[in-house]
Amino acid sequence: MLILLPPSEGKADAGTGRRLAPSRLSLPELTGAREEVLTALVALCAGPDEAAARAALGLSEGQRGELRRNARLREAATAPAGRIYTGVLYEALDLATLPPAAERAARRSVLISSGLWGAVRLTDRIPPYRCPVGARLPGVGALSAYWRRALAPAMVAAAGAGPVLDLRSGAYAATWMPRGELAARTVTVRVLHERTVDGVPTRAVVSHFNKATKGRLVRDLLTAGVRPRTADGLVGALRDLKYTVEEQPVASGRPRQLDVVVTEL
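So the sequence shown is numbered by the numbering used here: it starts at 53 and just counts up by one.
Calculated directly from the structure, the hints in this document are not laboratory data.
Warning: the hint list may mix true and false statements.
[Said to hold, decoys possible] List time: in silico SDA-like cross-link candidates among lysine to any residue, alpha-carbon distance up to 25 Å:
#	residue 1	residue 2
1	K294	T282
2	K294	G214
3	K294	R279
4	K294	T315
5	K294	R242
6	K294	R156
7	K294	E233
8	K294	P253
9	K294	R271
10	K294	R268
11	K294	V314
12	K294	A154
13	K294	P280
14	K294	A276
15	K294	P100
Taking the hints into account, I'd like the entire structure generated from these sequences.
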């Protein structure tokens with residue numbers, strides 16, 4: 053099973069080990085694309101036009117420090133990606149406390165989408181950075197379109213013959229959409245928070261619930277040692293883990309869509 057996660061905006065303050073070596077990252081077929089994006093990002097953030105750099109990355113004046121950090125990415129200390137990302141989803145996943153067998157499964161199964169790296173595994177050593185997939189970099193253009201052109205072969209190879217659990221947010225999901233037979237064994241998840249308002253049950257997508265539930269869901273699958281061979285097996289495993297799962301109709305050739313309904317974190 054391949055598990056696709058979004059990155060988090062929140063990241064560790066600093067790495068703790070050796071400098072970045074793009075050629076050592078997983079999915080080596082992406083090395084050239086990563087180098088091109090990295091070079092463009094460093095040049096933009098090290099350049100004289102701070103206002104343009106902040107605009108390209110969606111940063112406020114108070115986030116100038118992100119530009120300085122990006123400008124030094126090639127010299128910065130690194131840490132495993134699983135420690136770099138620190139947002140709500142990763143707090144709920146809590147990789148550091150996984151049992152050994154679950155941790156090994158996470159290393160094999162999880163890929164994290166990235167506007168800078170395309171996709172990385174939990175063990176890939178990267179520095180903290182700021183580069184949302186919605187950014188537009190000089191010489192590279194819109195990162196969403198750039199990665200759509202570059203990612204497909206690597207992602208298809210990573211998926212192999214098993215099911216894919218796609219938990220990426222919309223902007224990152226747009227960088228690679230599984231097609232054909234692979235789409236049929238891909239499962240996407242939307243988390244709906246159900247509550248009662250004036251005696252009427254209502255459902256809505258709430259960011260915090262969405263991220264925390266996805267992190268907990270992945271942790272539960274890994275801890276339970278679930279290794280489904282098919283999309284049906286994956287859906288069944290979620291139900292066995294006591295998640296309230298509702299499957300939505302989708303067009304032929306599109307990934308299956310599940311709604312996971314929660315009432316509390």
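Pair hint outcome, K294 versus R271 [Cα-Cα no greater than 25 Å]: Between K294 and R271 the Cα gap is close to 14 Å, so the pair holds against 25 Å.
Given hint P280 paired with K294 - CA-CA distance at most 25 Å: Given that 25 Å is the threshold and the Cα spacing comes to 16 Å, the pair holds.
Proposed proximity, V314 with K294 (alpha carbon, max 25 Å): holds, 11 Å
Hinted pair K294 and R268, Cα distance within 25 Å: holds, 12 Å
25 Å Cα cutoff - pair K294, A276: Holds, at roughly 12 Å.
Restraint check for K294 with T315, where alpha carbons must lie at most 25 Å apart: OK: K294 and T315 at ~13 Å, within 25 Å.
Proposed proximity, A154 with K294 (alpha carbon, max 25 Å): Measuring from Cα to Cα gives roughly 19 Å; hence the hint holds.
Pair hint outcome, K294 versus R242 [Cα-Cα no greater than 25 Å]: The given pair, whose Cα atoms are some 16 Å apart, holds under the 25 Å limit.
Holds or violated: K294 to R156, with C-alpha atoms at most 25 Å apart: Distance ~24 Å between K294 and R156 Cα, so the pair holds.
Restraint check for K294 with P253, where alpha carbons must lie at most 25 Å apart: OK: K294 and P253 at ~21 Å, within 25 Å.
Proposed proximity, G214 with K294 (alpha carbon, max 25 Å): Holds: K294 and G214 sit about 23 Å apart, inside 25 Å.
Distance restraint between K294 and T282, which requires alpha-carbon spacing of 25 Å or less: holds, 19 Å
Hints 7, 15, counting from the list given before, are not met by this structure.
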